[in-house]
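*Asks:* In the order they appear, the protein sequences are chains A and B. Under our numbering, the first residue of the first sequence is numbered 1, with each subsequent residue one higher. Under our numbering, the first residue of the second sequence is numbered 1, with each subsequent residue one higher.
To be clear, the hints were calculated from the coordinates, so they are not data collected in a lab. Heads up, a few of these hints could be off.
Since the list gives no way to pick one copy over another, a pair counts as held whenever it fits inside one copy or between any two copies.
What the hints assert, rightly or not - Each computed DMTMM-like pair below joins lysine to aspartate or glutamate, with the alpha-carbon atoms no more than 20 Å apart: (1) Lys100 with Glu162; (2) Lys292 with Asp325; (3) Lys316 with Asp278; (4) Lys22 with Glu38; (5) Lys348 with Glu162; (6) Lys117 with Glu217.
If you're wondering where the values come from, they're calculated on a predicted model, not measured in any experiment.
There are 2 protein chains.
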Amino acid sequence: MLWAVIMAGGAGTRFWPESRRKLPKQFLRFFGSKTLLEETVARLRDVVPASRTIVITSRDKVALSRKLLKKVPAAHILGEPVGRNTAPCAALAAAIALRKDPEAVIALLPADHHIGKPGVFRRALRTAFRVALKSRMPVTFGIKPAFAHTGYGYLEMGPLTERPSGAAVYRLKRFHEKPDGRKAAAFLRSGKFLWNSGMFVWRADEVLKATARYQPEIDDLVKKILGVVLQQGLNRWFAKMPSISIDYGLMEKMKGRILTMPVDFGWNDVGGWQSLADLCRCDREGNVVTGKALLVESAGNIVRSGDRLVALLGMKDHVVVDTPDALLVCPRGKTESIRRVVETLRQKKLDRYL
Amino acid sequence: MLWAVIMAGGAGTRFWPESRRKLPKQFLRFFGSKTLLEETVARLRDVVPASRTIVITSRDKVALSRKLLKKVPAAHILGEPVGRNTAPCAALAAAIALRKDPEAVIALLPADHHIGKPGVFRRALRTAFRVALKSRMPVTFGIKPAFAHTGYGYLEMGPLTERPSGAAVYRLKRFHEKPDGRKAAAFLRSGKFLWNSGMFVWRADEVLKATARYQPEIDDLVKKILGVVLQQGLNRWFAKMPSISIDYGLMEKMKGRILTMPVDFGWNDVGGWQSLADLCRCDREGNVVTGKALLVESAGNIVRSGDRLVALLGMKDHVVVDTPDALLVCPRGKTESIRRVVETLRQKKLDRYL
């Protein structure tokens with residue numbers, strides 16, 4: 001059966017001041033009444049029931065996650081005492097699923113992405129499940145690139161392997177890290193490269209086999225954690241895990257035995273205010289506005305406000321984010337540096353704004 | 001004796017969102033714990049006692065003004081039911097002063113200007129008092145222009161008349177309205193032009209003589225108002241006053257019989273955020289900051305915040321004004337258009353932000 005493993009441990013700073021340590025991005029409501037985490041679970045309907053959904057978050061977010069995801073069994077919502085990247089999380093989740101389902105296939109999914117075409121996404125999941133089950137190989141989801149993005153990793157496609165239900169599946173030739181502009185342009189031109197969405201579908205038994213082989217330390221610790229009550233095991237042993245990603249810790253070592261499936265389901269990693277604005281409707285002047293705002297002679301701005309009135313006069317291409325205790329103003333082109341603000345707050349010990 | 005008539009009826013919008021209908025500029029605390037109105041009264045000390053100070057404000061600001069100016073007799077703080085420019089206000093105040101002091105000389109002073117050298121200002125007042133008393137002419141204060149300002153009216157100096165206590169006093173040749181840039185540059189070069197500060201010193205009996213001659217309607221109404229309890233008289237008759245300034249209504253008609261005194265007492269009309277910033281200390285990057293703020297890679301900004309943290313990232317030469325219910329962001333070069341924001345609020349019936 002297909003299981004979903006939702007990684008909800010992120011502590012991103014790129015949405016400060018809306019995102020905080022206590023309320024990182026996956027717990028924000030950008031598109032209505034649901035948090036990104038809730039949307040991630042909701043869009044699995046018909047494909048993965050809540051009973052086969054596992055959520056790994058940080059320990060202090062377990063209570064909040066359980067409150068939001070009432071249908072997911074409480075025992076499936078686990079908290080990492082410290083972040084250890086994706087490989088330990090995937091191995092642990094695979095072991096949990098395997099204990100209940102020897103034929104388990106897991107779909108590893110970040111909790112904080114947006115998918116514009118959930119129907120297409122569900123079809124892709126079903127296809128990937130069949131391919132992963134039969135081939136025993138991980139099936140990575142590669143996004144057909146819309147432009148020469150330098151902020152994503154890339155998947156280089158090898159030869160076509162099969163066409164189940166009309167979907168093309170390729171051997172993965174190589175992972176590529178975030179390229180510079182020239183390289184990204186070459187990737188785009190060649191037609192052989194996809195954005196690495198960070199999502200994949202993989203048999204649980206194969207995840208554990210690869211872990212045992214390439215990351216024996218993780219494998220040992222997973223066994224220890226599974227020997228006791230799960231959350232207690234996490235509390236005791238998880239911090240000993242090496243911090244390593246699935247891509248580096250497992251897949252990079254499995255060259256030639258990985259598949260990739262080009263998909264086009266309206267994926268957006270909601271990586272910052274800029275990405276978010278791409279997903280929102282703008283007014284005639286290109287302003288994307290949420291909340292109470294008054295824009296005079298202003299164009300191309302992203303404005304997020306709550307109850308207070310935000311008035312912009314003569315502003316072009318800026319981001320204004322207003323929260324009850326903190327406000328950010330910056331040019332749109334500067335949103336990548338928001339972490340610098342967060343770092344400065346930390347240095348100045350202004351922790352209550354973090 | 002010298003009397004002070006403080007005009008505190010302004011309802012300016014250029015400091016929105018800090019200034020509001022309920023709290024216009026003269027009631028704001030820009031330079032510490034005192035409002036501009038309080039500072040205007042305080043800087044008269046030794047020259048005009050509170051007992052010879054008359055404050056004319058708008059009717060709904062009388063209670064607040066009395067609360068702020070405890071030493072000024074309550075009967076000397078009067079409220080106009082509607083604004084009627086400066087001529088009616090000056091005539092009324094002159095009549096009030098004259099009733100108590102047949103030798104009264106009034107100094108007409110806006111409540112919302114800043115004077116950096118109050119000692120020099122007081123000396124100028126004393127000199128102007130003597131000149132006005134003896135000459136029976138109005139003595140206007142002209143500010144030596146620092147640059148070719150296009151936002152002020154100008155006073156053109158005629159021949160030198162006298163040098164009491166070393167101060168030069170000139171015949172006023174002509175009033176000039178706000179010039180364009182070329183004209184302002186020519187004014188500056190000639191050395192014959194001064195900024196019209198809007199302040200002058202004039203015998204009360206002469207103010208009333210000029211009023212009776214050039215504005216008989218105002219003169220009649222002043223007599224009516226003085227015939228009853230003052231505030232009741234204002235309530236009943238003030239709205240009937242023509243709306244006209246002293247410059248147009250009286251002085252323009254008195255050509256040749258007006259004096260002007262070049263002064264240099266650190267005058268600033270606090271005409272907007274830009275003027276205010278000129279008066280405040282800035283950091284090494286040229287930012288003028290009041291309240292809680294965090295500036296990263298930002299220079300030349302004016303930031304006003306209260307309890308909330310205002311974070312600027314990569315911002316150059318902008319104004320950010322934060323108040324509990326409304327926020328304004330605009331480029332420094334746009335502050336002259338803040339009234340457009342206020343007009344838009346009015347059109348949209350967002351009166352609670354006005």
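*Asks:* Now tell me if each hint is right for this structure.
*Replies:* Each hint tested on the structure:
1. Lys100 with Glu162: neither (30 Å within a copy, 105 Å between copies)
2. Lys292 with Asp325: both (16 Å within a copy, 11 Å between copies)
3. Lys316 with Asp278: Cα proximity of Lys316 and Asp278: one copy only (17 Å, versus 25 Å across).
4. Lys22 with Glu38: Classified as within: same-chain Cα gap 17 Å, cross-chain 45 Å, threshold 20 Å.
5. Lys348 with Glu162: neither (56 Å within a copy, 61 Å between copies)
6. Lys117 with Glu217: neither (39 Å within a copy, 75 Å between copies)
Hint compliance for this structure: hints 1, 5 and 6 are not met, and every other hint is.
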